[in-house]
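If you read the protein sequences in the order shown, they are chains A and B. First residue of the first sequence: 45, per our numbering; consecutive thereafter. First residue of the second sequence: 56, per our numbering; consecutive thereafter.
FYI, nobody ran anything at the bench for these hints, they're computed from the structure. Certain hints may be false.
Unchecked claim - One-sided excerpt, in silico: chain B residues whose CB lies under 7 Å from chain A: (1) E84; (2) E89; (3) S90; (4) V94; (5) N95; (6) E110.
Claimed, not checked - Computed list of chain A residues with no C-beta within reach of chain B, every gap over 10 Å: (7) I114; (8) R117; (9) E156; (10) S237; (11) R271; (12) S279; (13) P311; (14) P316; (15) E347.
Claimed, not checked - Which chain A residues face chain B? A few, computed with CB under 10 Å, are given here: (16) L51; (17) F55; (18) E103; (19) R105; (20) T262; (21) L277; (22) N278; (23) K357; (24) M371; (25) I375; (26) G392; (27) K395; (28) K399; (29) F427; (30) R430.
Remember, it's a predicted structure, so these values are computed and weren't measured experimentally. We put the CB at the ideal spot given by N, CA and C, even for glycine.
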Amino acid sequence: MEKAQVLTNEFSPFNAVVVLRVTNGPAEETLRKALDTLQRRFPLLRVHIRKEKKRYFFESRGTPAIPLKITKRLDEKDWQRVAEDELNRDVDFSTGPLVRLAYISGPGRGKESEIVLTFHHAIVDADSGTHLAHELLTLCASPASAVELDSLEPLPPAENFFPPAYKGIRKRCRIFRFMLRQMGDEFLYRLRSRGSRQAPIHAAGRCKILPVKMQKETTSALCKQARKKRITLNSLMEAAILMAVHKHIYGGKRVPLRSFSMANLRPYLTLPLPAKHLGSYFSMMRFTVLMKENPQIWEVAREINDIMHRSVKRGDKYAFNLLGAMMMKMILKMKVFRMATTAVSYTGPVKLEKKYGEIKVKGIHAFISNFVLGPEYTAAVRFFDRQFYWDILYLDSDMDFTEAKVLADEILSILKAAVQEED
Amino acid sequence: MAVAIEDVKSLVCVQLGKRGVEERDRLIEDLGAESADLVNLTAAAEERFQVTFDEEEIARVRTVGELYDIIAKSV
Numbered sequence: 045m046e047k048a049q050v051l052t053n054e055f056s057p058f059n060a061v062v063v064l065r066v067t068n069g070p071a072e073e074t075l076r077k078a079l080d081t082l083q084r085r086f087p088l089l090r091v092h093i094r095k096e097k098k099r100y101f102f103e104s105r106g107t108p109a110i111p112l113k114i115t116k117r118l119d120e121k122d123w124q125r126v127a128e129d130e131l132n133r134d135v136d137f138s139t140g141p142l143v144r145l146a147y148i149s150g151p152g153r154g155k156e157s158e159i160v161l162t163f164h165h166a167i168v169d170a171d172s173g174t175h176l177a178h179e180l181l182t183l184c185a186s187p188a189s190a191v192e193l194d195s196l197e198p199l200p201p202a203e204n205f206f207p208p209a210y211k212g213i214r215k216r217c218r219i220f221r222f223m224l225r226q227m228g229d230e231f232l233y234r235l236r237s238r239g240s241r242q243a244p245i246h247a248a249g250r251c252k253i254l255p256v257k258m259q260k261e262t263t264s265a266l267c268k269q270a271r272k273k274r275i276t277l278n279s280l281m282e283a284a285i286l287m288a289v290h291k292h293i294y295g296g297k298r299v300p301l302r303s304f305s306m307a308n309l310r311p312y313l314t315l316p317l318p319a320k321h322l323g324s325y326f327s328m329m330r331f332t333v334l335m336k337e338n339p340q341i342w343e344v345a346r347e348i349n350d351i352m353h354r355s356v357k358r359g360d361k362y363a364f365n366l367l368g369a370m371m372m373k374m375i376l377k378m379k380v381f382r383m384a385t386t387a388v389s390y391t392g393p394v395k396l397e398k399k400y401g402e403i404k405v406k407g408i409h410a411f412i413s414n415f416v417l418g419p420e421y422t423a424a425v426r427f428f429d430r431q432f433y434w435d436i437l438y439l440d441s442d443m444d445f446t447e448a449k450v451l452a453d454e455i456l457s458i459l460k461a462a463v464q465e466e467d
Numbered sequence: 056m057a058v059a060i061e062d063v064k065s066l067v068c069v070q071l072g073k074r075g076v077e078e079r080d081r082l083i084e085d086l087g088a089e090s091a092d093l094v095n096l097t098a099a100a101e102e103r104f105q106v107t108f109d110e111e112e113i114a115r116v117r118t119v120g121e122l123y124d125i126i127a128k129s130v
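When you get a sec, could you build the whole thing from the sequences and use the hints?
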């Protein structure tokens, strides 16, 4: 998976950007010290990537300190401009480090500030990115805790920890069956999508963000309703985003649409990896849904739920991870189709405290760069402070802010209506 | 309603298709539960024991014993 991310990054910036919105933000020198401590503790924060004969290696020699850019906070939306810039600007993997930080420091009492962490996606996933943010805030609140932190050894890629069914000859058989299923899916998709809209491939596009929050009452009711209907929240969110795009971009016609979902591999590996070990231990899983005219949210969510459940039970998450680099190479070489229509990453409740000493965490946002061959509309969703945070991302070549906002409003309205629906 | 650990273990067995489980068994790592299995399990627990969980509470549950704890606390 790391190789797939490096290949993507060679084509277009492919960063993970985490925004911590805080009050009583740390002093600049405290933040600098905390970053230096983290860089000593985590080997992947002091590496760059060396390319040699089409192979890639992490190398630690000569990697500079983590860059820290400090700006004064002028208004509420400063962080959105900074986050967009970070999403569109390469992390130079040949020199490293594969992380940088921007601090938007607010004035006066309360000191509303934002800490914007930008990673090359090859070194973090949702779990480890959140954990790193937790350690950073802990160090800022209590610099003395640095002495208790030991240095962590880097771990091999996920493949080394796959279950026995994904090793040796059994792995080959499973990969072969997986590829046959993918080819079947591709054939059906092409057959069913003949004559319908094809997502355009633009020469260039900048990532734009649109963060929205769902009300606490709706969030709570939605969680209960989804559980009652035995549907995962990830499937429900996938359904909502697909329905919004289907209605406003595909004219609500009968058409197959594709989406990506993320699967966290960490707990399923033979050696479960705690979040403190940085690395990219996840899989991107693609699926196709045949959207009907006037689709119903719970029906679409049920279908996605069942597709995903069958897929993970078969072990497709391992196959997607193993074949990620090959598939990405093919997509980038051909440049003839978009990978999917939508993508959703729901990571559940955020494992961050609300308070670190004097520092209060007001909110957390996360975005993953997209590019011209990627999905048309994507969202990273998480549960924080009893609310769903939808961090939506689109390309300015695909739509403008108004169009993106129409889709976001549609998503919220679909989910609000879903709460009221009776059994 | 009093809840016994054996009731919770039996519920986990039925929902995850296992013959027997221990209190210390981890739902994902040891019993191989996927996210849809966890939704089914928590929904079944809510119905069976007449309790309601919140998302953060569920996310903290790692083992069969911890599932029992949040049920016992809620009844």
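Violations among the numbered hints, reported as their numbers in ascending order: Of the numbered hints, 11, 12, 13, 14, 16, 17, 18, 19, 20, 24, 25 and 28 do not hold.
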